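Colleague: Below, each chain spelled out in residue letters.
There are 2 protein chains.
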Amino acid sequence: TNIQRCPPPYSKTNLKSLFRLIIQDNVKKMAEESHRQDSAYLLIFIMLLTLTILTIWLFKHRRFRFLHETGLAMIYGLLVGVILRFGIHVPQSTSDVVLECAVNASPATLLVNVSGRFYEYTLKGEVSRGKDHQVQDDEMLRKVTFDPEVFFNILLPPIIFHAGYSLKRRHFFRNIGSILTYAFMGTVISSNLLVVVGQLGGDFFFTDCLFFGAIVSATDPVTVLAIFNELKVDVDLYALLFGESVLNDAVAIVLSSSIVAYQPTGDNSHSFEAMAVLKSFGIFLGVFSGSFALGMATGVMTALISFYFTKLRDFPLLETGLFFLMSWSTFLLAEACGMTGVVAVLFCGMTQAHYTYNNLSRDSQDRTKQLFELLNFLAENFIFSYMGLTLFSFQSHVFNPMFIIGAFLAVFLGRAANIYPLSFLLNLGRRNKIGMNFQHVMMFAGLRGAMTFALSIRDTATYARQMMFSTTLLIVFFTVWICGGGTTPMLSIYVTFAISFRVGVDSDQEHSVSN
Amino acid sequence: TNIQRCPPPYSKTNLKSLFRLIIQDNVKKMAEESHRQDSAYLLIFIMLLTLTILTIWLFKHRRFRFLHETGLAMIYGLLVGVILRFGIHVPQSTSDVVLECAVNASPATLLVNVSGRFYEYTLKGEVSRGKDHQVQDDEMLRKVTFDPEVFFNILLPPIIFHAGYSLKRRHFFRNIGSILTYAFMGTVISSNLLVVVGQLGGDFFFTDCLFFGAIVSATDPVTVLAIFNELKVDVDLYALLFGESVLNDAVAIVLSSSIVAYQPTGDNSHSFEAMAVLKSFGIFLGVFSGSFALGMATGVMTALISFYFTKLRDFPLLETGLFFLMSWSTFLLAEACGMTGVVAVLFCGMTQAHYTYNNLSRDSQDRTKQLFELLNFLAENFIFSYMGLTLFSFQSHVFNPMFIIGAFLAVFLGRAANIYPLSFLLNLGRRNKIGMNFQHVMMFAGLRGAMTFALSIRDTATYARQMMFSTTLLIVFFTVWICGGGTTPMLSIYVTFAISFRVGVDSDQEHSVSN
Chain Z
1 TNIQRCPPPY SKTNLKSLFR LIIQDNVKKM AEESHRQDSA YLLIFIMLLT
51 LTILTIWLFK HRRFRFLHET GLAMIYGLLV GVILRFGIHV PQSTSDVVLE
101 CAVNASPATL LVNVSGRFYE YTLKGEVSRG KDHQVQDDEM LRKVTFDPEV
151 FFNILLPPII FHAGYSLKRR HFFRNIGSIL TYAFMGTVIS SNLLVVVGQL
201 GGDFFFTDCL FFGAIVSATD PVTVLAIFNE LKVDVDLYAL LFGESVLNDA
251 VAIVLSSSIV AYQPTGDNSH SFEAMAVLKS FGIFLGVFSG SFALGMATGV
301 MTALISFYFT KLRDFPLLET GLFFLMSWST FLLAEACGMT GVVAVLFCGM
351 TQAHYTYNNL SRDSQDRTKQ LFELLNFLAE NFIFSYMGLT LFSFQSHVFN
401 PMFIIGAFLA VFLGRAANIY PLSFLLNLGR RNKIGMNFQH VMMFAGLRGA
451 MTFALSIRDT ATYARQMMFS TTLLIVFFTV WICGGGTTPM LSIYVTFAIS
501 FRVGVDSDQE HSVSN
Chain P
1 TNIQRCPPPY SKTNLKSLFR LIIQDNVKKM AEESHRQDSA YLLIFIMLLT
51 LTILTIWLFK HRRFRFLHET GLAMIYGLLV GVILRFGIHV PQSTSDVVLE
101 CAVNASPATL LVNVSGRFYE YTLKGEVSRG KDHQVQDDEM LRKVTFDPEV
151 FFNILLPPII FHAGYSLKRR HFFRNIGSIL TYAFMGTVIS SNLLVVVGQL
201 GGDFFFTDCL FFGAIVSATD PVTVLAIFNE LKVDVDLYAL LFGESVLNDA
251 VAIVLSSSIV AYQPTGDNSH SFEAMAVLKS FGIFLGVFSG SFALGMATGV
301 MTALISFYFT KLRDFPLLET GLFFLMSWST FLLAEACGMT GVVAVLFCGM
351 TQAHYTYNNL SRDSQDRTKQ LFELLNFLAE NFIFSYMGLT LFSFQSHVFN
401 PMFIIGAFLA VFLGRAANIY PLSFLLNLGR RNKIGMNFQH VMMFAGLRGA
451 MTFALSIRDT ATYARQMMFS TTLLIVFFTV WICGGGTTPM LSIYVTFAIS
501 FRVGVDSDQE HSVSN
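Protein chains in written order, with our numbering: chain Z, 1 to 515; chain P, 1 to 515.
These are calculated hints, taken from the structure and not from any lab test. The structure displayed is predicted, hence computed values, not measured ones. Possibly wrong hints are sitting among the right ones.
Copies of the same chain look alike in the list, so a pair counts if it works inside one copy or between any two.
Within a straight-line C-alpha distance of at most 30 Å, the following computed DSS-like cross-link-like pairs (lysine-lysine) qualify [said to hold, decoys possible]:
(1) Lys60 <-> Lys311
(2) Lys60 <-> Lys369
(3) Lys311 <-> Lys369
From just these sequences and the hints, can you work out the full model?
Modeller: Now the structure itself:
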């Protein structure tokens with residue numbers, strides 16, 4: 001016959017190599033099985049998003065505005081979470097052999113010696129335990145749980161960049177003083193108020209309380225943007241609200257990370273020390289201004305490139321690619337330097353919109369706008385549907401009624417203690433006064449969203465953090481559904497009575513990125 | 001003072017919990033350090049891409065066409081690889097504590113018990129060893145090595161989808177017979193020829209040889225597309241070449257995976273058996289037609305949705321989002337069902353272009369076209385620059401001169417044995433004959449690219465596979481630089497003499513996706 005036959009390999013150590021091959025086949029099969037399951041779980045999310053889009057369209061078509069698309073995504077996520085939790089019981093599959101090897105440190109990388117071959121394992125995170133301190137092994141729930149860093153490093157950046165890129169800059173800079181006041185002072189005020197709530201939770205460190213205050217203070221620009229865009233509110237007031245919610249995200253993230261940085265230096269006492277707080281404040285200022293400078297720098301660099309290489313305009317694809325890569329590298333650069341990528345990306349987006357945008361070709365202007373709009377839309381709805389899912393799929397929820405009630409009170413009191421006194425002070429110096437009605441709207445529109453969620457899910461190792469996470473989730477649900485759903489009708493009432501509240505002003509008369 | 005102090009937690013087991021906290025802090029710090037490094041390494045790639053884009057623009061601007069952009073990306077990757085390999089020596093960082101625990105299987109998930117807390121580790125892959133069978137611990141090189149599945153599951157789908165979406169369908173279907181002949185018969189012919197080469201390599205199984213043949217037979221549509229688009233060759237001949245290179249990717253991937261599926265059933269003898277080959281062929285047909293049907297099905301479904309929900313046109317963002325998600329779900333669905341996602345995505349792209357595209361609003365048509373164009377551009381250049389890098393960063397290269405020479409010969413003989421006889425047979429039935437000159441061009445333009453690379457890096461566990469990987473890399477380098485660089489001048493010569501070769505025909509007179 002004309003059949004070729006290759007000689008068998010490793011003739012000297014034939015048995016051993018065959019043994020190895022069998023093991024390899026095993027590993028490969030398990031990896032394949034696991035890959036298949038991962039695909040299936042990701043598919044669930046894609047289907048969820050598809051469903052959300054179709055329903056959003058239906059809502060928009062029928063002009064049904066009581067529920068925002070993010071609220072809808074959460075409801076769908078919730079339903080799938082219930083089904084996964086209570087509906088389906090999958091037998092333990094072979095792909096998930098669990099080994100226990102007791103070691104006394106948990107390194108980032110683990111090399112495992114399997115009969116002479118080395119396999120690399122990377123740390124995914126801590127596994128939650130049930131009440132009997134056994135590892136809960138509900139595989140399906142564990143599989144639909146994403147690495148928290150995915151939210152932080154992949155899904156948040158496009159959202160924040162889009163917020164910066166679509167900011168109405170003229171109105172933003174005209175109100176920069178007020179916006180900064182709200183964003184900085186407001187966040188500090190409401191996070192301080194939340195320290196009191198920490199007492200209710202019981203098992204809390206002082207820094208934990210501060211941390212909770214910081215993450216819960218970040219209001220979400222997303223829903224505000226959506227609702228106000230449709231209603232065409234007075235642009236200055238809109239810029240105020242939107243600018244505040246974009247910037248306080250940045251404040252909250254840097255504040256929370258400088259609190260975490262302060263924690264280990266507390267010498268295990270975790271008590272309040274003036275020096276340590278000053279140090280924390282120093283870190284805050286350093287990281288914030290560093291990220292700010294970095295974001296500005298790459299933005300300006302992109303602008304310069306697009307300015308000097310004017311012939312780049314003939315190739316919109318290259319131009320868009322360059323724009324995208326430079327913006328992304330801002331994030332990576334900041335993270336590599338120990339700064340905060342999300343903050344850098346925000347200011348990069350603002351700089352790109354201000355300088356680079358005008359250098360781009362007409363085609364690239366549309367492309368970049370549409371690209372980031374789409375990325376933002378997908379990332380946002382993904383986060384919100386995951387939020388809904390996680391209420392049932394997360395396995396270490398700690399619901400403490402006292403703490404929850406306290407947190408809700410503190411959140412609203414904190415918002416009030418932020419808006420009303422600061423508005424009063426700002427009105428002393430403003431020509432275009434912030435009306436009382438608009439203050440109510442600002443108070444009411446302080447939704448908590450993607451950033452709050454991403455910050456709270458980032459670390460759920462301790463009991464206190466788990467309690468914070470569960471409470472945060474409830475706060476987000478409440479504000480998005482109740483406040484978010486109520487803002488449109490509330491605004492409509494204002495419109496009807498038209499009390500000192502200019503609605504219907506055309507929001508875009510400048511040559512701007514946002515449409 | 002008015003300083004709040006939260007009570008210390010876990011008062012009963014205070015010491016133990018403090019110990020835990022310290023460990024946690026450690027883990028957190030290590031994770032942070034590792035995250036920072038990852039950002040830095042990803043930043044290298046982003047910078048590389050940025051540099052590539054700027055240089056491409058320069059080349060295009062100066063009408064310098066001897067080097068295609070993908071070839072350029074490879075050169076930059078190569079340079080960085082050399083620098084990383086020989087230039088920089090980074091001291092072993094603390095983030096990478098290596099533990100060895102001897103176990104007798106290597107599961108997909110590992111739970112590690114660190115003083116009572118459980119940490120989850122996921123299998124990243126096998127670690128290469130040096131000649132003295134010690135684990136080589138050049139951390140930097142290991143870090144810039146991506147998980148091969150990233151190429152397969154994240155970077156390839158947009159490239160392949162784009163190829164399907166931008167196919168000139170009228171000309172494609174007019175020549176479908178010839179295209180299928182080239183794609184199927186050609187791949188089989190050249191992969192069979194490569195079995196002979198296996199003898200030269202020595203340590204090869206029969207299936208290894210077949211596998212090598214399958215992966216090396218896939219020609220790359222990318223460069224062909226780029227060069228021929230600029231020169232405006234006769235559309236039918238262009239469709240022939242492009243259609244072949246798109247389809248033989250699909251053939252190669254299914255062929256190689258059905259060969260792998262056949263391997264473990266070979267009862268360790270790995271010899272040639274007629275039954276096993278038939279079975280392999282059955283798997284091939286099943287997987288290919290299954291993926292084909294799946295891709296068509298989701299494509300048609302999207303078309304139906306966009307047809308019945310015509311009001312969706314008022315919201316281009318939702319429409320584009322839906323389009324993107326449905327196309328992505330094709331991939332995930334296929335993978336979850338054990339089919340081949342890449343193949344499904346190819347046919348999905350073709351179906352979307354044929355049916356859905358015409359239902360979309362004008363705005364969404366532009367958006368989807370531009371989105372996939374950008375994704376394709378970025379993914380492609382990323383793969384090619386990684387290819388350059390990997391020549392120096394991959395640590396288990398096996399360069400066997402005999403095998404390399406044999407493989408090069410076989411690749412070109414295989415291409416010749418594919419093009420010339422099949423063209424002769426096809427010309428018997430064709431009205432628009434395939435000229436001898438065009439056959440030479442087809443022969444010459446058979447570049448190997450992203451698909452070949454992704455298939456060969458997917459599994460580099462055995463000695464034979466490592467040898468294949470190194471050889472494949474050289475083949476890709478050679479064809480992209482020499483053949484890719486030479487195609488334009490070669491075509492120009494043909495143009496000058498204008499021998500039976502219609503160049504300058506306007507390639508797009510139909511209402512088509514491709515521009």
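Colleague: Taking the earlier hints as the rules, which of them does this structure contradict?
Modeller: none
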